[in-house]
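**Student:** Sequence:
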Amino acid sequence: MHIKLNKKYWILLLSAIPITMSIQMTDTPLNWIVYALVFYGFMDIDKPAEAFKRGAFVGGVTAVLNFFWIIGGADKFTGKGVLLGVGITLIFTVIFALYAGILGWIILFLKRKKRYKLEWLVNGIYLSSFWVLVDAFMIYFAKGFALCLFVSYISLAQNLYLAQITTITGPLLLTFLVVFLSYCTAYFFYYKKWRMLIVPVGIILGSLLLGAVILNNYEDRLQEDIAIKKEKPFKAAILSQNLDPQFKWNPANGDFLARQLFEMNRQICGTGTALTIWYESAIPWNYTPDDDFLKVLDSITTGYNITHLIGMNTDFDRKNRIFYNSIYCMEPHHKVIGRYDKRLALSLIEKPFLGMLIPFYNSTGFRVKEGTSDKPLPTPVGNAGMLLCNESTIPDLAYRTVSQGANFLVNPGNDGWFSDTYIAKQHQFHARLRAIETRKDLVINNNDGYSGMIQSTGKMPDMNKSSAAMIGYVMITPNDYQTFIVAHPHWFAYLCLLVFVTFIIYNSIFIKDKDQKQIKSKKG
Numbered sequence: 001m002h003i004k005l006n007k008k009y010w011i012l013l014l015s016a017i018p019i020t021m022s023i024q025m026t027d028t029p030l031n032w033i034v035y036a037l038v039f040y041g042f043m044d045i046d047k048p049a050e051a052f053k054r055g056a057f058v059g060g061v062t063a064v065l066n067f068f069w070i071i072g073g074a075d076k077f078t079g080k081g082v083l084l085g086v087g088i089t090l091i092f093t094v095i096f097a098l099y100a101g102i103l104g105w106i107i108l109f110l111k112r113k114k115r116y117k118l119e120w121l122v123n124g125i126y127l128s129s130f131w132v133l134v135d136a137f138m139i140y141f142a143k144g145f146a147l148c149l150f151v152s153y154i155s156l157a158q159n160l161y162l163a164q165i166t167t168i169t170g171p172l173l174l175t176f177l178v179v180f181l182s183y184c185t186a187y188f189f190y191y192k193k194w195r196m197l198i199v200p201v202g203i204i205l206g207s208l209l210l211g212a213v214i215l216n217n218y219e220d221r222l223q224e225d226i227a228i229k230k231e232k233p234f235k236a237a238i239l240s241q242n243l244d245p246q247f248k249w250n251p252a253n254g255d256f257l258a259r260q261l262f263e264m265n266r267q268i269c270g271t272g273t274a275l276t277i278w279y280e281s282a283i284p285w286n287y288t289p290d291d292d293f294l295k296v297l298d299s300i301t302t303g304y305n306i307t308h309l310i311g312m313n314t315d316f317d318r319k320n321r322i323f324y325n326s327i328y329c330m331e332p333h334h335k336v337i338g339r340y341d342k343r344l345a346l347s348l349i350e351k352p353f354l355g356m357l358i359p360f361y362n363s364t365g366f367r368v369k370e371g372t373s374d375k376p377l378p379t380p381v382g383n384a385g386m387l388l389c390n391e392s393t394i395p396d397l398a399y400r401t402v403s404q405g406a407n408f409l410v411n412p413g414n415d416g417w418f419s420d421t422y423i424a425k426q427h428q429f430h431a432r433l434r435a436i437e438t439r440k441d442l443v444i445n446n447n448d449g450y451s452g453m454i455q456s457t458g459k460m461p462d463m464n465k466s467s468a469a470m471i472g473y474v475m476i477t478p479n480d481y482q483t484f485i486v487a488h489p490h491w492f493a494y495l496c497l498l499v500f501v502t503f504i505i506y507n508s509i510f511i512k513d514k515d516q517k518q519i520k521s522k523k524g
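1 is the number of the first residue of the sequence shown in this note's numbering; add one for each residue after it.
Fair warning: there could be bad hints in the mix.
What the hints assert, rightly or not - Derived lysine-lysine pairs resembling DSS-like cross-links, with alpha carbons at most 30 Å apart:
no., residue 1, residue 2
1, LYS47, LYS193
2, LYS143, LYS53
3, LYS53, LYS229
These aren't lab readings, by the way, just hints derived from the structure by calculation.
As the structure is a prediction and not an experimental result, all values here were calculated from the model.
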């Protein structure tokens, strides 16, 4: 059977390249107009079935290019072989294709032709507002799949200056810009309005200039506060073993791993370190008050006044293997002064979805009981707002802990299952957005992923990714700043919803009424 693709399908085939580069976190100027070729390929569509087909085509090609890592990852994660990975990849590909097909149909439904003098502007705002609502759905309602759901704004988090605007709007403005610039660029190319290309160029330059001004003003304020000692920096140590997730603690190697952790703690003694930050579930057994490991750890560091943030699980229902995924704050003399329980468990992995749960290969299977408290962990050097692993991908979780008094943020995690994929890098830049939005220094410690310091400015001078055990030293500056987006976390999403609904009503009532009058006048 001979399959012939027309010109538009070749364009849509090519459109998967910038989308894939964006998902893979390749930092290029194309990230500003990542959907331009998609919109170009939709300019001539007037049939819903064709719109769905083209959307599904783009989604299917993009999924094939980006979900291949699941095949090997599922084998490592479950130990069930590659066939399970192939099956999961096929399911995800079909779902993504259907999702893109529905988006294609909606694009046709929303797009209006020859109704307005500034068609490109109206359609651009209309479609961009809708896309903001799509990303808002992902981060507000589908958040249990946070590491699997691609949001359009994440690739632009790589631009330090543009990201500064999120202190006011949150990340959804970046989604609006991506879609608006993509549509405008496609429209101007399709209708050969070359002079109008100054519009997207001007918006990009204006956004960068605004971001630069915001960053400069904040850095000046921060330096002034440090100079008058309103904000006092302290030294923290990031303890990263960077273990392969298939490496098990057992009688054969448990002593070695414990000695390694003890040795890392001995090395930080006498360095002026006030706080150690461990990765998620660094200790692979559940906490008990008389834990021998913690007693030995305390005996090593107590004399140096070091406080630890340690990842350990906590019993909730041991019989049914339901645990809290916790971070313990332990002061000298084995004094536990606080515990944080993960608020957002991963669907399918840590909590069931539709009754299904994929078990970890290196455990006998357990479920995570979600915590309910947004309060930061108190430490002698300030309140540590906790974002455990995937929680850094959800803005609201960071905003709520800052509203509760967090002076800095900590993101322990475990990226071992996908350390060589784009997800590890997306994880890093989600954390960067949270640091900028809240204006809080954020320390990230992801086993087998990216670990280091993200300053409240968004700069990342101490970020590393290694497969070997390492200690990273960072200087954290706690602060009490409250940004506009922390105080008003959903205002931009509500604004886009208002714009979208207004367009829907206007098109449904006024434009429809106008069309009916024109039809009647022609008949008359």
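**Student:** Given the hint that LYS47 pairs with LYS193, does the C-alpha gap stay at or below 30 Å?
**Tutor:** 25 Å, holds
**Student:** Are LYS143 and LYS53 close enough, with their CA atoms no more than 30 Å apart?
**Tutor:** 28 Å, holds
**Student:** Is the straight-line distance between the alpha-carbon of LYS53 and that of LYS229 30 Å or less?
**Tutor:** 61 Å, violated
The earlier numbered hint that this structure contradicts is number 3, and it is the only one.
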